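**Student:** Sequence:
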Amino acid sequence: METFNIPATPSLMKEFLRQMGGTAVIDGGLATELELHGADLNDPLWSAKCLLTSPHLIRSVHLDYLEAGADIIITASYQATIQGFEAKGFSREQSENLLKKSVDIALEARRIYYERCSKSSSGGTGDGRILKNRPILVAASVGSYGAYLADGSEYSGCYGEAMTVNALKEFHRRRVQVLAEAGPDIIAFETVPNKIEAQ
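Under numbering that gives the first Met the number 0, think of the first position of the sequence shown as 0, with each following residue one higher.
Source of the hints: derived by calculation from the structure; they are not laboratory data. Some hints could be false.
What the hints assert, rightly or not - Between beta-carbon pairs, the in silico distance windows are:
1) GLU160 - ARG133: 44 to 54 Å
2) ALA179 - ASN132: 20 to 30 Å
3) GLU189 - ALA86: 16 to 26 Å
4) GLN176 - SER120: 38 to 48 Å
5) ALA161 - THR22: 39 to 49 Å
6) ASN165 - GLY88: 22 to 32 Å
No experiment lies behind these values; they were computed from the predicted model shown. All C-beta atoms, glycine included, are put in the ideal place defined by N, C-alpha and C.
Turn these sequences into a full structure, and let the hints guide you.
**Tutor:** Put into structure tokens, the structure is as follows:
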């Protein structure tokens with residue numbers, strides 16, 4: 000099986016895009032696909048609920064996206080926060096392990112995909128699925144503070160006047176550390192709705 004050498008440097012994306020011919024496809028809506036696979040996401044954890052109840056569905060959706068041609072898959076951690084898991088009764092250690100699990104599942108899906116590619120001589124599955132050995136990145140998803148609130152403020156950025164840059168840094172810091180230590184290729188900060196949080 001061929002492996003791809005994309006150095007983990009500030010130019011990682013530049014090198015990745017060079018190897019991809021200048022363009023790359025990111026996967027689509029994880030939650031929508033999880034629901035199509037039968038997951039019930041009616042929960043403040045949203046798609047992160049599947050880290051608890053059905054990690055096999057997350058892996059299956061990652062594989063579906065890879066076989067559809069996605070070059071970057073995003074972990075099921077958009078709504079996953081230490082604070083959110085703790086509110087569900089999990090310890091800090093358990094919460095951090097669930098964050099790591101989101102990365103582990105995506106890395107496993109990539110490994111399985113590469114194994115399938117090495118067994119395929121045609122570059123496809125016969126049913127339109129793509130089995131092309133190519134560079135694939137795993138992006139650890141970090142949703143906004145508003146995603147944790149689960150009240151729609153992830154789109155408006157209205158967190159109240161008491162919210163500060165320091166409070167947001169404190170909210171995100173450990174989650175980002177845990178996700179980064181789990182070994183994704185990149186971190187994807189998604190749906191950042193206001194200037195304070197972007198800082």
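**Student:** Each hint should be assessed against the structure and marked as holding or not.
**Tutor:** Against the structure, the hints come out as follows:
no. : hint                        : in the structure
1   : GLU160 - ARG133: 44 to 54 Å : holds (47 Å)
2   : ALA179 - ASN132: 20 to 30 Å : holds (27 Å)
3   : GLU189 - ALA86: 16 to 26 Å  : holds (21 Å)
4   : GLN176 - SER120: 38 to 48 Å : holds (43 Å)
5   : ALA161 - THR22: 39 to 49 Å  : holds (43 Å)
6   : ASN165 - GLY88: 22 to 32 Å  : holds (28 Å)
Going down the numbered hints, you'll see the structure goes against none, and every one checks out.
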